[in-house]
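Visitor: For the protein sequence lines, the chains are A and B, in the order given.
187 is the number that numbering that gives the first Met the number 0 gives to position 188 of the first sequence; each next residue is one higher, with no gaps.
14 is the number that numbering that gives the first Met the number 0 gives to position 15 of the second sequence; each next residue is one higher, with no gaps.
If you're looking for bench data, these hints aren't it; they were derived computationally from the structure.
Misleading hints may appear alongside valid ones.
[Stated by the list, open to error] To give a feel for the contact side, a few chain A residues facing chain B, derived at Cβ under 10 Å:
hint, residue
1, Val77
2, Ala82
3, Met290
[As the list claims (entries may be wrong)] Quick partial rundown of chain B residues pointing at chain A, CB under 7 Å, derived from the structure:
hint, residue
4, Leu45
5, Thr46
6, Ala220
7, Cys221
8, Phe223
9, Asp225
10, His227
Beta carbons: idealized from backbone N, C-alpha and C, even for Gly.
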Amino acid sequence: MLDTTLTPIPKAAQGGEAGPSLAVQVAGITMKNPLTVGSGTYGHHGNFSQFFPVETMGALVPKTIRNYRWPGNPAPRVHEVTAGLHSSVGIPSNDWETFIAKDAEILRGLKLPVIQSVIGRTEDEYVEIVEKCAALGIFAGLELNLSCPNLKQGGLDFGYDPVAAERLVKRVRNATTLPVIAKLAPDYSSLANVAQAVEAAGADAIALVNAPRAMCIDYQTRRPIIGNKIGALSGAAIKPMAIYMVWQLYRTVKIPLFGMGGVSDFRDVVEFMAAGARAVALGTINYVDPMALPRALEGLRQYLQDQGIKDVNDLVGSAHI
Amino acid sequence: MEQQSAPIVFNRHLTGDYWLLEVECPGMAAALKPGQFVNIRIGDNLTPYLRRPFSVYRISEDRRRLQVAYKVIGEGTRLMKETLHEGGRCDLIGPLGRGFTLPEKARRIAVVGRGIGIAALPTLVDEAARRGVQVHAYLSARTRSNLVAEDIFAQHGFAVHTHTDEENQGGMVTDPLVALSKELAFDAFYVCGSNRLAKAIDEVAGRQGVPAEIAMEQHMACGFGDCHGCVIPVTVERGKEETALREVCHYGPVFNTWEVIHA
Chain A
0 MLDTTLTPIP KAAQGGEAGP SLAVQVAGIT MKNPLTVGSG TYGHHGNFSQ FFPVETMGAL
60 VPKTIRNYRW PGNPAPRVHE VTAGLHSSVG IPSNDWETFI AKDAEILRGL KLPVIQSVIG
120 RTEDEYVEIV EKCAALGIFA GLELNLSCPN LKQGGLDFGY DPVAAERLVK RVRNATTLPV
180 IAKLAPDYSS LANVAQAVEA AGADAIALVN APRAMCIDYQ TRRPIIGNKI GALSGAAIKP
240 MAIYMVWQLY RTVKIPLFGM GGVSDFRDVV EFMAAGARAV ALGTINYVDP MALPRALEGL
300 RQYLQDQGIK DVNDLVGSAH I
Chain B
0 MEQQSAPIVF NRHLTGDYWL LEVECPGMAA ALKPGQFVNI RIGDNLTPYL RRPFSVYRIS
60 EDRRRLQVAY KVIGEGTRLM KETLHEGGRC DLIGPLGRGF TLPEKARRIA VVGRGIGIAA
120 LPTLVDEAAR RGVQVHAYLS ARTRSNLVAE DIFAQHGFAV HTHTDEENQG GMVTDPLVAL
180 SKELAFDAFY VCGSNRLAKA IDEVAGRQGV PAEIAMEQHM ACGFGDCHGC VIPVTVERGK
240 EETALREVCH YGPVFNTWEV IHA
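Work out the full structure: start from the sequences and follow the hints.
Guide: So, in structure tokens, the structure goes:
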């Protein structure tokens, strides 16, 4: 049974009356509640409050930026699959000048922690964009999207290669005092090693999972359906895999985890926290049900009350007995 | 733009392969401009996962209700037909995107549509009628029963030229338009549902130096600009080769014909 029906913004979510404590601390960032959004799944041309006040969430992760202009991938970019979305948008990005003139000014005015997601094709590109972001003085933390082919190492994603991931995070660590969150791809064989490597390199937290690689082929034309041929899979379909990986890393590393991957409602939030996530991001569901986050927040609050749990932090790792 | 859980007034057969859903959503209906669209969530399950975008077929005269004409082509529209009933509710987001531009001084326009693409035209034609603009409609479809909205244009007393694959051999619905446009000065052209027709219209409009617009379709995830999934290649500057990828939900669904026919 899924709680995705359309209901009004809950009044209780605005706070005021005594209730369970929802605040969490992740990587030195104080979030008034554990909910955030997956980068690239929320916010329209700098308009972050189309459906509900952006300050409803504990922290905002805006769309990933690059240190260079990037048009993104060819059309078609999205294809619906069972309980999910197959897509390859390709992280289109404005150049830095447009970003600081437009987006950064909007982000500066927001009254919640903003964790900027960044990506690069080489270590140098990551370090450059990290230094520029840090110098703006408006971000509470930086998320490194490691799901990018390392152009200098044969094109293997940074996030699949413990050695490359460790080197990169070390360089970023030296380039900024801001909290650094490494966002990892869900690679079964390398995940634990990469997580330990980025922890050793000084990452303050890990976000997982990024959307796994996926492909769909039109059975009639026998050709890949989306323009980039290879894409990613996101949405409810990937949740059990993501839960497993959060569970696994909770036992592998000491740094806190941002859990994500197919979160639809408060039940999923509880599941991710029980597996070990300190904070939880809603991603693709934002496209389908733009009120999912405030509804999940209210559902979480009610759940804690019903269960007699006074502090949401008590959920973290509670499935590990 | 808003999200509403709108009461369903009816969901019934329209004509041929098409169905018609009417919902009561006063705010959205009042704000909607011709050519804009709505994004409908079918049920509250995670299958089908995505919303389905539809152009709005018609707005009621009191601007409290809106209609969507659709063809059952996949699982989403099948569920739409079978599970959305009178008395139930429909979750929709709208109005979305940029609609048609009807020039202030327009006196006579031509609208050209094929198949379900025709469903995007009645809101424009109603607006034209309100402003006393004369409309010539050129509609084509596979079969006669699939010529949706023919009755709406006829009710306004506008000239309707039709062309069906079963009745007419060869040629295009725009052939009489091309001939007629030499005598009649159209102030603008509008096309939906066929890039082939758009090319023909662009040529005529270009010769006369008047605007021509086309409503485009693309697979969408969100419909409100967040996912960047619904891009199409668009010519950046008229007559130049440079193209860019633009979101149909944000920059469209209505584009100038010159933006899309060469890109």
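Visitor: Which numbered hints does this structure break?
Guide: No numbers; nothing is violated.
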